[in-house]
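A.B. asks: Below are the chains, spelled out letter by letter.
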Amino acid sequence: MNAVSQLDQVKTGPWNGGRSPWSVEYGKIMMWFFLLSDAFTFSSLLIYYGAQRFSKLTWPAPDKVFQSIPGVMEHGAPLVFVGIMTFILIMSSVTMVLAVEAGHRRSKKEVIGWMIATIIGGFMFLGCQAIEWTHLHHDGFWWGHIPSAEELKHFFNKPEDVSLIAAQQFANLFFTITGFHGFHVFSGVIINIIILIMTINGTFEKRGHYLMVEKVGLYWHFVDLVWVFVFTFFYLV
Amino acid sequence: MSEHSHTTEGHGHDEHAGLSKGKIWKVFGILLLITVIEFIIALILIPKGYMTQHIGNYVYIVLTLLKAFYIVAYFMHLKYEKLGLQLSLTVSFIFIIYFIVLMLTEGGFLNLHMLHH
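Protein chains in written order, with our numbering: chain F, 171 to 407; chain X, 36 to 152.
Hints were generated in silico from the structure; no laboratory data involved.
Don't take every hint at face value.
What the hints assert, rightly or not - Restricting the straight-line Cα-Cα distance to at most 20 Å, the calculated cross-link-like pairs of lysine to any residue (SDA-like) are: (1) 56(X) to 275(F); (2) 234(F) to 75(X); (3) 117(X) to 191(F).
Just need the whole structure built from these sequences, with the hints factored in.
C.D. replies: Laid out in structure tokens, this is it:
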């Protein structure tokens, strides 16, 4: 009798079923695992970039390639424009957390306000990136295209450093990696707009929680996270 | 990113426990400060010769990982999740560390090869 009843006993351990062992909602766990896989993709791209840089004797100098503030000054302001872009993205990450925080208090009005701010931040970043790409394209860099060997002297630390292969690898990888990141920002903005419309329609108010805002928030912070690495490895190192 | 593993499981944070506005702005301040330090290194310390580019690169990477920690731990709320979730999301990066070592060794070898031929 005793043995049978032991079998029938309801187990209460966290992994014995009946409740969520991580007490995280299913969709949120799936978002985390998607982001993990996405982190692997970005890592692969950045590691390939690192391997290329390690293998080349010289590489275009970031201070020389990125030294203009479009519309303000053409030369002599290294990193300033990308600094503005970084600030915009970190700022939009903050407005996203504030939207999540407002969601916890189920304050529909505040969620709407912070989501709009986040979307504006996303568009501002995309606009800056479009300007950055256009500028580099005007300099002669593109997938499969680099400036002439003579012009390339302006982009390396010393004129004798000029390497056509390194310049081409730089151009291809810059546009591929920032492009892939920009595509993520673009998707993030679209998703944020969808969530904003759902919030305005009162979908989450009726549902009783703003978990969807948290889930897109995770995605948005991830985009910011990737930018932190892109910024370091393309612009600083 | 193994810093997360030190956080406690037993605090009983329910899923709706969030960051206070004060904490959010504090983390923002830290992220901004780290970025400003990176700019000081890139625009002043290295050009004026107070720091070599080689040392600077290591400092940049450390500062970047620190920024990543603050974004993941606070903005993405991972610090307040259960240990199991934290581990499954961070320990996986052992493969990335392996991949970095593998590919950079390979790149370094190609560099040597080009120097000598």
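A.B. asks: Please go over all the hints and tell whether each is borne out by the structure.
C.D. replies: Tested hints:
1. 56(X) to 275(F): holds, 12 Å
2. 234(F) to 75(X): holds, 17 Å
3. 117(X) to 191(F): Since the Cα atoms of residue 117(X) and residue 191(F) sit roughly 9 Å apart, the hinted pair holds (cutoff 20 Å).
When each numbered hint is compared with the structure, no violation occurs for any of them.
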